[in-house]
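Build out the structure end to end from the sequences listed, making use of the hints.
From first to last, the protein sequence lines are chains W and C. Sequential numbering of the first sequence, starting at 597, is according to the numbering used here. Sequential numbering of the second sequence, starting at 12, is according to the numbering used here.
Keep in mind the hints are simulated off the structure, nothing from the lab. For glycine and all other residues, C-beta sits at the position ideal for the given N, C-alpha and C. Be careful, since some hints might not be right.
Stated by the list, open to error - One-sided and incomplete, this derived list gives chain C residues near chain W with beta-carbon spacing under 10 Å:
no.	residue
1	H116
2	G174
3	I234
4	K333
5	T334
6	G346
Said to hold, decoys possible - List of simulated lysine to aspartate or glutamate pairs, EDC-like, C-alpha gap at most 16 Å:
no.	chain 1	residue 1	chain 2	residue 2
7	W	K675	C	E169
8	W	K734	W	E815
9	W	K768	W	D788
10	W	K673	C	E169
11	W	K869	W	D858
12	W	K737	W	E815
13	W	K649	C	D135
14	W	K729	W	D788
15	W	K896	W	E859
Said to hold, decoys possible - Ranges between beta-carbon positions, derived for each pair:
no.	chain 1	residue 1	chain 2	residue 2	range
16	W	T743	C	F52	42 to 52 Å
17	C	V222	W	P805	42 to 52 Å
18	W	A681	C	V222	18 to 28 Å
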Amino acid sequence: MKRCKWSVVAVLTAVFLVAGMASAATLDEVRSRGHLIAGVNGGVFGFSMPNDKGTWEGLDVDTAKAIAAAVFGDASKVKYVALTAVQRLPALQSKEIDVLCRNTTQTLTRETTNGLNFVHVNYYDGQGFLIPKKLGVKSAKELGGATVCVLPGTTTELNAADYFRANKMEWKPVVIEQTSELNKAFFAGRCDCLTSDASQLAAQRSVAPNPNDYMILPEIISKEPLAPVVRHGDDQWYDIVNWTVMALIQAEEFGITSANVDEFLKSDNPGIKRFLGVTEGEGLGKALGLDEKWVYNIIKQVGNYGEIYERNVGPDTPLGLARGLNALWTEGGLMYAAPFR
Amino acid sequence: MKTADATIEQQPPEPEEDIRPPVTQIGVIGWVRANLFNGWFNSVLTLVTLYGLGKIAPPFFRWAFIDSVWLTDGRACRAAAGACWSVVTSNFRFIIFGFYPYELHWRPLAAMLLLFALLFYSRDRKHWKKSLLYLWIGGLCIMGLLMRGGLLGLEPVESTRWGGLPLTLLLSVFGLTAAYPLGVLLALGRQSRLPGIRYLCIVYIEMIRGVPLISLLFMGSIIFPLFLPEGITINKILRAQVAIILFTAAYIAEVVRGGLQGMAKGQYEAAESMGLNYFLTMRLIILPQALKIIIPPTVSILISAFKDTSLVVIIALFDVLKTSQTVLSNPEWMGFSPEVYIFVAILYFLGCFSMSGYSRRLERELDTG
Numbered sequence: 597m598k599r600c601k602w603s604v605v606a607v608l609t610a611v612f613l614v615a616g617m618a619s620a621a622t623l624d625e626v627r628s629r630g631h632l633i634a635g636v637n638g639g640v641f642g643f644s645m646p647n648d649k650g651t652w653e654g655l656d657v658d659t660a661k662a663i664a665a666a667v668f669g670d671a672s673k674v675k676y677v678a679l680t681a682v683q684r685l686p687a688l689q690s691k692e693i694d695v696l697c698r699n700t701t702q703t704l705t706r707e708t709t710n711g712l713n714f715v716h717v718n719y720y721d722g723q724g725f726l727i728p729k730k731l732g733v734k735s736a737k738e739l740g741g742a743t744v745c746v747l748p749g750t751t752t753e754l755n756a757a758d759y760f761r762a763n764k765m766e767w768k769p770v771v772i773e774q775t776s777e778l779n780k781a782f783f784a785g786r787c788d789c790l791t792s793d794a795s796q797l798a799a800q801r802s803v804a805p806n807p808n809d810y811m812i813l814p815e816i817i818s819k820e821p822l823a824p825v826v827r828h829g830d831d832q833w834y835d836i837v838n839w840t841v842m843a844l845i846q847a848e849e850f851g852i853t854s855a856n857v858d859e860f861l862k863s864d865n866p867g868i869k870r871f872l873g874v875t876e877g878e879g880l881g882k883a884l885g886l887d888e889k890w891v892y893n894i895i896k897q898v899g900n901y902g903e904i905y906e907r908n909v910g911p912d913t914p915l916g917l918a919r920g921l922n923a924l925w926t927e928g929g930l931m932y933a934a935p936f937r
Numbered sequence: 012m013k014t015a016d017a018t019i020e021q022q023p024p025e026p027e028e029d030i031r032p033p034v035t036q037i038g039v040i041g042w043v044r045a046n047l048f049n050g051w052f053n054s055v056l057t058l059v060t061l062y063g064l065g066k067i068a069p070p071f072f073r074w075a076f077i078d079s080v081w082l083t084d085g086r087a088c089r090a091a092a093g094a095c096w097s098v099v100t101s102n103f104r105f106i107i108f109g110f111y112p113y114e115l116h117w118r119p120l121a122a123m124l125l126l127f128a129l130l131f132y133s134r135d136r137k138h139w140k141k142s143l144l145y146l147w148i149g150g151l152c153i154m155g156l157l158m159r160g161g162l163l164g165l166e167p168v169e170s171t172r173w174g175g176l177p178l179t180l181l182l183s184v185f186g187l188t189a190a191y192p193l194g195v196l197l198a199l200g201r202q203s204r205l206p207g208i209r210y211l212c213i214v215y216i217e218m219i220r221g222v223p224l225i226s227l228l229f230m231g232s233i234i235f236p237l238f239l240p241e242g243i244t245i246n247k248i249l250r251a252q253v254a255i256i257l258f259t260a261a262y263i264a265e266v267v268r269g270g271l272q273g274m275a276k277g278q279y280e281a282a283e284s285m286g287l288n289y290f291l292t293m294r295l296i297i298l299p300q301a302l303k304i305i306i307p308p309t310v311s312i313l314i315s316a317f318k319d320t321s322l323v324v325i326i327a328l329f330d331v332l333k334t335s336q337t338v339l340s341n342p343e344w345m346g347f348s349p350e351v352y353i354f355v356a357i358l359y360f361l362g363c364f365s366m367s368g369y370s371r372r373l374e375r376e377l378d379t380g
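Rendered as structure tokens:
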């Protein structure tokens with residue numbers, strides 16, 4: 597019996613040792629595989645969703661494309677894996693995917709207990725309220741005593757409860773399981789207001805019988821910084837993903853777009869020359885283990901952050917989201933890239 | 012009414028004319044009287060049902076056909092009073108084929124047509140020969156080649172991009188055909204005289220039947236990969252496929268066991284007296300009879316397994332239900348869920364109904380009563 601136990605221990609140890617040795621740098625794995633594997637949501641319009649031809653589109657999808665452009669010089673070398681909310685973290689931990697671009701909120705527990713690292717935020721979301729204009733309310737602070745349509749079991753419900761309690765207001769939640777049913781109930785007048793993530797409220801407003809009768813209140817009552825996620829323990833890969841997102845933001849700050857990036861190659865600005873890898877010997881790309889033209893490839897093929905935003909969720913899309921917190925820091929937003937030097 | 016004259020016998024309507032029952036007992040009126048108004052209770056039930064139908068059917072018909080729009084964009088749909096079938100027609104190719112590269116859709120289409128042709132051909136028991144087996148093997152190879160590509164100048168398509176109806180059919184057809192023999196083996200194992208095999212089979216069957224399919228799918232998609240050595244990942248579709256096979260096999264095993272226990276003891280003894288060994292007894296005497304009497308319960312398990320494949324939605328495989336739901340999260344089409352779900356229901360109904368229809372036919376032909 598004792599021998600049996602010991603042999604089990606020995607086998608398990610061997611398995612773990614082999615498993616430990618087999619772990620290679622993510623960048624090398626991605627390179628030898630020939631494509632990046634990105635985990636996405638698959639059901640959130642504007643962030644990651646297939647269009648009617650089955651091609652992936654969205655802000656998170658474009659972020660994954662930018663990483664592929666940085667690594668391979670080719671934004672098309674991405675394979676997308678659609679993941680549910682419960683699947684997303686294990687999929688990353690078990691190395692099924694290289695990076696998770698799936699509107700995931702950065703939290704302390706996820707960074708520590710779950711062994712993950714969030715890179716620079718690529719979308720600042722937050723919870724807001726949608727109300728009918730005829731309610732005559734201009735601020736969420738005036739919502740005392742309101743009935744509120746809300747999805748159950750999410751942080752949304754808890755956030756709303758916190759908000760009303762903190763502001764010493766009464767509220768009556770109307771909890772409805774399905775988003776489509778929730779919308780119907782709200783537009784039929786069963787509740788005074790509807791609460792959800794701000795990026796979703798716009799889409800919900802757009803399906804109203806008459807969208808102009810409804811408005812989104814200015815207050816955002818929770819912080820939802822959505823960022824791409826990588827595993828603990830591979831700092832080089834973290835740097836690559838992190839600085840890819842920053843490069844998108846920095847390019848917008850410089851005013852470099854996919855249309856004019858070739859002209860900027862001739863720029864005299866030393867910062868821009870370093871950024872685009874024009875200056876010999878600066879080695880920003882080399883420091884990351886990438887090609888010196890990595891930023892050029894990202895901007896040329898995917899565009900800067902502003903372009904990605906406008907294309908997927910901006911005012912001209914069905915979502916019609918204003919930049920808000922996602923504007924550059926120079927324009928009152930939070931998008932701020934560390935210096936490229 | 013026996014007639015000597017053969018010529019008269021060949022014109023049956025005339026001799027029957029004089030023995031026709033009164034008009035109130037045959038034809039439409041007779042049928043209605045016999046089936047709908049035979050007694051006050053049934054008459055009341057009929058009237059209540061008719062009233063209900065009259066309330067529901069015309070508005071539904073109006074919604075689905077008269078006021079409906081078929082080939083517009085989402086904006087026009089919102090203006091229409093009736094059903095918006097455009098949500099299905101404009102996204103038809105995504106709903107059916109999922110992520111498969113758009114310009115290569117002919118390949119899954121051809122594979123599905125080939126599958127339907129094979130299934131149709133196999134309906135007839137006259138074709139049940141060895142050649143049919145080879146035909147299926149060849150057909151499956153061609154289907155695999157069409158889906159996967161990579162040979163004969165066909166562009167390779169990774170299985171991660173398979174989706175929609177082909178994925179549903181793949182999961183069900185392979186799931187059912189692999190689960191059936193496995194289930195028979197498990198049932199035989201559970202009856203085995205060797206305790207090792209017997210307890211193994213009992214533990215397996217009871218463990219699988221003790222948990223829902225969803226938990227097996229979750230195990231396969233979330234927990235199982237964490238135990239694998241790093242760097243090794245097993246295809247998501249394969250994991251779901253194996254979970255479905257294991258699950259269905261346990262249920263089939265119990266049905267087959269019922270059939271085995273239904274066999275008279277004399278059958279076993281007769282086989283033994285002929286000097287047949289275990290395998291010959293099973294193959295020639297017991298299984299052919301046992302499997303025949305369990306056709307109805309087997310088919311209901313197969314039908315529910317077919318419908319259960321839609322549970323792969325929860326592990327984000329894009330089967331035909333998931334592709335349809337995805338369309339609904341596009342703001343342009345948000346809110347047209349009834350139309351999309353009716354369409355998916357029709358697809359599933361066609362599959363299930365043809366299965367049960369075929370099983371009835373088999374029962375008739377094999378005369379199992």
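Hint check results:
| no. | hint | verdict |
| --- | --- | --- |
| 1 | H116 | 9 Å, holds |
| 2 | G174 | 8 Å, holds |
| 3 | I234 | 8 Å, holds |
| 4 | K333 | 8 Å, holds |
| 5 | T334 | 8 Å, holds |
| 6 | G346 | 5 Å, holds |
| 7 | W:K675 with C:E169 | 9 Å, holds |
| 8 | W:K734 with W:E815 | 10 Å, holds |
| 9 | W:K768 with W:D788 | 10 Å, holds |
| 10 | W:K673 with C:E169 | 13 Å, holds |
| 11 | W:K869 with W:D858 | 12 Å, holds |
| 12 | W:K737 with W:E815 | 9 Å, holds |
| 13 | W:K649 with C:D135 | 38 Å, violated |
| 14 | W:K729 with W:D788 | 10 Å, holds |
| 15 | W:K896 with W:E859 | 11 Å, holds |
| 16 | W:T743 with C:F52: 42 to 52 Å | 46 Å, holds |
| 17 | C:V222 with W:P805: 42 to 52 Å | 45 Å, holds |
| 18 | W:A681 with C:V222: 18 to 28 Å | 22 Å, holds |
In this structure, only the earlier hint numbered 13 is contradicted, and the remaining ones agree with it.
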